[in-house]
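Listed here are the chains, written in short residue letters.
2 protein chains.
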Amino acid sequence: MTINRQWLLARRPVGAVSRDDFRFHEAAVPEPADGDVLVRTMYFGYDASQRIWLTDDGGYMPPIQIGEPMRTMGIGQVVDSRDPSYAVGDIVAGFMSWQDYVLVRGDGPMPLMVLPDAGYPLTWNLGIFGVGGLTAYFGVTDGLKVKPGDTVVVSAATGATGYLAGGIAKALGAKKVIGTAGGPEKCDWIVEQAGYDAAIDYKSEDIGARLAELCPEGVDAYFDNVGGDMLDTLLLHMAPRGRILICGAMSSGYTDVQMQGPRNYMQICTQMLSVQGILLPFYRDQLEDGAKQLAEWVVNGTLRVEEQVVSGFDKAPDLLPTMFSGKEPGKLILHVSDPV
Amino acid sequence: MTINRQWLLARRPVGAVSRDDFRFHEAAVPEPADGDVLVRTMYFGYDASQRIWLTDDGGYMPPIQIGEPMRTMGIGQVVDSRDPSYAVGDIVAGFMSWQDYVLVRGDGPMPLMVLPDAGYPLTWNLGIFGVGGLTAYFGVTDGLKVKPGDTVVVSAATGATGYLAGGIAKALGAKKVIGTAGGPEKCDWIVEQAGYDAAIDYKSEDIGARLAELCPEGVDAYFDNVGGDMLDTLLLHMAPRGRILICGAMSSGYTDVQMQGPRNYMQICTQMLSVQGILLPFYRDQLEDGAKQLAEWVVNGTLRVEEQVVSGFDKAPDLLPTMFSGKEPGKLILHVSDPV
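These protein sequence lines map, in sequence, to chains D and L.
If you count the first sequence from 1, position 292 lands on 293 in this note's numbering, and the numbers rise without skipping.
If you count the second sequence from 1, position 203 lands on 204 in this note's numbering, and the numbers rise without skipping.
Hints listed in this document are in silico derivations from the structure and should not be mistaken for laboratory results.
Among these hints, one or two may not hold up.
Copies of the same chain are indistinguishable here, so a pair counts whether it falls within one copy or spans any two.
Calculated cross-link-like contacts (lysine to any residue; reagent style SDA-like; alpha-carbon spacing at most 25 Å) [stated by the list, open to error]: (1) LYS148 - ARG242; (2) LYS146 - ASP101; (3) LYS146 - PRO282; (4) LYS146 - THR271; (5) LYS204 - TYR61; (6) LYS204 - CYS216; (7) LYS176 - GLY209.
Just so it is clear, the structure is predicted and the values come from calculations on it, not from any experiment.
Make the full structure from the sequences, and use the hints.
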């Protein structure tokens, strides 16, 4: 009998997520029923939203229950199918979980997407063509409506979304794109590798003073991935009629702890700012167009693709906490198996 | 010699503003220099923003200094003019201060507007055609973009801005307009007099429960005049892609005390909300159009005009604290003299 390795949620994390919130388990490979697709997992993508799914209410998705395998965006190969839309051998992407084998309803609310052999690494479907890349794309183009001449700031600028947001803003003609990150190495990377014009090291620099110096006329568009004090500081440095995108709140760690609201939010009133949220499912019908534009920018060298691919099913829970600490730039991906 | 009565700022208020923050003074009537216009004041309008001007940094305007007469929006009559744009006898509106006589630069950054004899009460220039009415107009039409079928909530719905915001939303075809206010009398007034469909008494009712009951599909547009816990509650009841207008933060009293930021602001992200600020000077070039539309709605009975006009120069500082407590519905105005 083939063993299905799993990482189950052992306890609901309080505060920062830890590898000890999960426990290893071995189960039998599930038997597909009518309408089911059995997938052997190949890659797991790491997203900050996974921490939200671990809270009591799960945020915008059902919470993961104790004893259930941890949910993830993933790529895998169909090994058995009772749904005519999926054939054995198909490479698919979508919501999976930390197991060797996942059973997915072909007609469920979160169907798998069959990936064509597109001539680029499969992992790109989790990164630049996944949640991070598409969120950066729609956030910058539609949410912030970045236009030529804009001064743009992106926080968590080495993250899977942030590094692309800066590149996309430059592609749209932004005059100056500034990223924030922690530590000199990451700051160097932003400017030297991700095409940003300048970086602010939030760990060692006075962010307000640096913004005043770099953006004397104020910030036209701010792509917020972190919330907290950073958002409050940016609120004080926005140009009149500036735009803010609320994309994430990494500084909160997405725990159940009460969020810190932006205390300077009345700047929205007095500077007549626009604040826009973004959640990818709202762009359901435009995802393909977004991916096409991103692909064009990658092909012509406007955007680079940055990934950190780690191997080994046993490492699944270790990587999650690094989402919130000092991980390397770009998209974090775990490789768990190869296609047959 | 004619005496110029004044109410000067005696000390910078800490917390809620009090009548004791001002002191009475008698001065000589100032002598106009070249380019000056001398105005005898007739009406003072009361605006929540006056509290902001009393803070150390003044917010979006220069702060009022200790020993200076308190700034106000006002109406008066030109009694001496050294500026060819203003004639003796003209009735004018604009930034004035709590004095019998104010000296204004005709070409200054805040010029006076000469009021035509328009066949309606002069006080309307401080209310429906003043900051409150025009803020309601641009807030509902441009900021919130209220459209037919919308479910709209307005907080501080008996205020000079709030009562009109609800009426304007109805005029634009909103399906349901709900106001919040303190106490059963005000709640009755909102529904019976201001054209709202329903009211929530924030002093005695569970706002969240009432919103869930009245807006089962969520709130499409929220006109926020109060901030604080109300804004946080509304954030939990917005419809996907809902719009919020940040117009005021009455609950804060506009003191120097650190504002309470909206702790549920990540709903902006997960419901993909739009949050828009409003400050009337940004609509400088459209004010006339706004006033025209408002006048049309008043003439055809769509909007009612509600004012509380109190008489007596000596009452000027007494009325300011009532902006933040239990004043009567509509615009609060002090009458200080009649035209000659």
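Each hint, compared with the structure:
1. LYS148 - ARG242: Intra 14 Å, inter 23 Å, cutoff 25 Å: intra and inter.
2. LYS146 - ASP101: Neither. Shortest intra-copy (41 Å) and inter-copy (50 Å) distances fail the 25 Å Cα cut-off.
3. LYS146 - PRO282: Both: 19 Å inside a chain and 23 Å across chains, each within 25 Å.
4. LYS146 - THR271: both (21 Å within a copy, 19 Å between copies)
5. LYS204 - TYR61: Neither way: LYS204 and TYR61 sit 31 Å apart in one copy and 31 Å across, limit 25 Å.
6. LYS204 - CYS216: within (20 Å within a copy, 44 Å between copies)
7. LYS176 - GLY209: Within. Shortest intra-copy distance 20 Å satisfies the 25 Å Cα cut-off; inter-copy 44 Å does not.
Violated hints for the displayed structure, listed by number in ascending order: 2 and 5.
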